[in-house]
Every structure is written in structure tokens, then in C-alpha cells.
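Chemist: Following the hints, complete the assembly by docking chain B onto the known chain A.
Sequences listed follow chains A and B, in order.
So that you can map any letter, position 105 of the first sequence is 105 in my numbering, and since no number is skipped, the others follow by simple counting.
Each position in the second sequence, counted from 1, maps to that position plus 186 in my numbering.
A hint or two may mislead.
Mimicking BS3-like on lysine-lysine, the simulated pairs with C-alpha atoms at most 25 Å apart in a straight line are [said to hold, decoys possible]:
1) A:K152 - B:K460
2) B:K324 - A:K130
3) B:K286 - A:K152
4) B:K324 - B:K335
5) B:K274 - B:K286
If you are wondering where the hints come from, they were derived from the structure by calculation, not from laboratory data.
The structure displayed is predicted, hence computed values, not measured ones.
Residue-level listing of the chains:
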Amino acid sequence: MYEVDSMSERKQANDTRLRREIKMGDLDPDFKREIREVPGIEKIKLCFQCGTCTADCPIARFSEIYSPRKIMRMTQLGMKKKLLSSESLWLCAACFTCVDHCPQGVDIAAVVRALRNMAVKEGIIPDVFKELTDNILKTGYAYRIPELRLKKRVEKGLPPLPKANLEDVSKLFDATAVSKAKMEKR
Amino acid sequence: MAELKYLLFLGCVIPYRITGYEISARKVLERLGVELVEMPEFNCCGLPIDSVDHDAMLLLAARNLCLAEQQNLNILTLCPGCAGTLRKVNRSLQEDKKLKERVNGHLKEIGMEFQGGKIAVKHLIQALIEDVGIEKVKDAVVKPLTRLKVAEHNGCHILRPAKYVGFDDPENPVLLKQLIEATGAECLDYMYETDCCGAPVIGVNDKIPLYLAGDKLRNIKAVDAQALITVCPFCHMMFDINQPRIERLLSEQFGIPVLHYPQLLGLAMGLTPKELAIDELRVDATKLLDAT
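Pulled out of the complex, with its shape left as it was, chain A reads as follows (with noise of 0.2 Å):
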């Protein structure tokens, strides 16, 4: 196996596994009833554990610490605290093959999403998020396209670029619960 995973997390996913014990005190007995209220994710009640998102999961064949199975798990368990601040729930690469391939219909990548959407909420966000909201915000793009480039497009006999309006998504952000002001403080 590939050391791809950090240190610590790979410590204490083996932690775990030799130990194999879950701490009453850190489940959160309505953290299954909280997440099933966004709307699609309702069927992570019909999970049976059979592990065919991680046998199928493209990042879980090179990391040790990521395993959609455990997380839909952790999940029904209500681990609430130890998922949101994990590391691996940053892994998805949202492929979809677990969606397309659970036999419970579960929708696997929007339980993750929905766990990410909870973590930004507790203010644990992975910089280069933090980055694409920003360029978004602030162009309408989510990669800063320098000017050198627009000028290319001109040399290579392309239209130049649709403008965003800033104003529009400003608003729409505004709407949403990732406002502005709490994206830039960070």
C-alpha cells in the first residue's frame, strides 16, 4: 500500500480497528434523525454494511483511512464529533460509483456532502474550498483566470469571456447558509 494518508489519521483509524470500541458517550443518538433530514439522503437507514461502496471506491483501493462503508456506519451510529472533524470525509472524489452500485439505494456521495455541508457549518473547511467560494464570490469563476490569459484567448481568436454578475451572486450567496462574512473571516 501507497503512504497517501496523514499520519495521524492512519494512527488512529489502526487505533480503532485493534481496539475495536465505540464510546457511548460520543454518539449523538439524534445526529440519524439530523442528517436524514436533507432531502435524498433519507435511505442511509437501510444500510446493511455489505461494503460494496469501498470495494468499488477508487480512493479506498489507495487509502487506508477512507471508507465510504465506515462513514455511512459512523453515520447511523451518530459519531457525529469524530466525522465531522475527519479528515477522510475530505477524500470523495464524488465518482458516483457507490451511488450507482449500492443495492439499498443508498445515496452515498450525498450523505457525504451532507456531512461536509455540517462540517463548513462547525467552521472546519479545507483550504482550497475556502479558495473556490472566495474566487467565485469575488469573479463569478472559481479559478482566478489572470489577465495574461484573456489577452491570449484574444491572440488565439477566441470570444472573450462571459462577465459574471457579481452583484446576482452576492445575492444568491446571501441566501444560502455560507454567507460572505462568514466565508472571509475565516
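Modeler: Structure of chain B alone, referenced to chain A:
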């Protein structure tokens, strides 16, 4: 006179780094009599921030769909990520009345309203298969690439989740293969063909995607493919721009040129490598061009 007309949704990655895809796609579509109308305004499709806030994604996508509805034109995207997102939201908003109502409540603030059922969203290869038609693509080939053996990589969001975006069989995709074979080239099968390239994870963990893409490159090399053909700017970035990095990490040599599908089709149409921006590729394609 153009028979087919679309609103071109370029996305963010293509103008940021992958202009060769845009240049070649525009040339090829022009030859096929497809007219592209530029977006009057643009914002990201929403996919990159779905992980941050699902509602923010929905609203960004819905705004783009509204712009297309106003123009009464179907959207054509070159990026599977944009296609997948816009298709999924277009469909969810039509099927889920409550969601549509909620989204429209926010869109009202910017003077827009999603109607639904008016327009479709198509990725380039879907438009080529469903609207242009494979026969017309074949007819446009003047210089069949019969000496070429290549492999394909679809890009996840063209195939999955099947219930929202799939127009091909996600377990055994054939449409891109048919389009490749229309150029006269042979399209080879290889191990783990439908696996993700890993690109979306690169900002969080830079090793996993490189190993994953490296694994695919190794499997592609194992079947002696002379090139890899992609239809996604993100996948292309992984396999082309990152190929030297993957080679260093794995201490292996691949040297597999990665062409955007319209570059391959363009060559078969008799366009020059320069016109198709093939000189902009990171991995040298000279040997491949000698075989065309």
C-alpha cells in the same frame, strides 16, 4: 446555415488552463454545422461548492439554467462536471415542486424564475451522438486515422449517477468509443477503464489522485495505446499536465500523449495540429502525429 444551435457553457477550468479543448471543440463543431452562442453572463455551475453548501450549488446552477431558458437554447458543455451538475439540477427542479418553489423564492431576489422543461443540458459527446449523429461525424472524416490505437477515459460525471446524468451505460460505456472509431482509430479496452482520475481530491490530498491516475496510465500503457482520449478538462489536467509529476512519484515512464476528443476528430477532418492547439499539450505528441 447552422442546423444546430446551443448556448455554450464553458465552465471555469477550460478558460483557466485547458484552452486547447475549447479551441479544438469550436473548430470541429463549426465543421459539423453547429452554431455556438456565448453565455450572456456567466457564473460557475456550482459543483465546486456543493461540498461547502448544497443550496449555494443549487442556486448557482439554477441561475445558469434560467439564462438558458431566457435564450430558449439548449446548453452545450465541454466539461462533464458542468454537464452533470446542470443536468441534475435541471431535472431535480422539474421533478421536485417543493424544491423548485424554494429555489425560485431566492431567484426572485435577482429577478429570475426557473420554469423547467424548456431546455436540455448536453455534454459535447452527448450532443455529437444524439443531435449531430455519428453518421455525420463519419462523413466529416477526410483523413481516417486507421494507423492509430488509442484508449479512452470518459469522465465520471458523464456516466454517473446513472439515474440523473447517464446517457451511456456506466458499467460499459460505448458512446465515446464509437465516436473515436468514427475517426478511423481503434479504441482499446483496458483495466479499470471507468475509474475516476482522482482530480477532485488533489486540493485535499495530493498523493491519492497521482497514484490513481498513475495506475490508469500504467494500464493504458499495458495495452500499447498510443494516446489517451479525454472529454473532461479536469481529467485532462490529471493525465497530461500532471503526467511528469506522476512519472517522478512512481519512478515509471509513461509518455502517453493525452488528446481532447475534438483534437482527434479534428485531425481526421484534416485540420492541422496547430489549428487544434495540439502543440499546447504537456506530453509531446510528435510521434503520434507522425502516425496520422
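Chemist: The structure should be examined with respect to each hint, and the outcome stated for every one.
Modeler: Tested hints:
1. At most 25 Å may separate the alpha-carbon atoms for a hinted pair to count; K152 of chain A and K460 of chain B meet this at roughly 15 Å.
2. Pair hint K324 of chain B plus K130 of chain A does not hold up; C-alpha atoms about 45 Å apart against a cutoff of 25 Å.
3. A C-alpha spacing of about 40 Å is found between K286 of chain B and K152 of chain A, which places the hinted pair above 25 Å, so the restraint is violated.
4. Note on K324 of chain B and K335 of chain B: the hinted pairing holds, with a Cα-Cα distance of about 18 Å set against a maximum of 25 Å.
5. Distance restraint check for K274 of chain B and K286 of chain B: the Cα-Cα separation of roughly 13 Å lies within the 25 Å cut-off, and the hinted pair is therefore satisfied.
Of the numbered hints stated above, those contradicted by the structure are hints 2 and 3, listed in ascending order.
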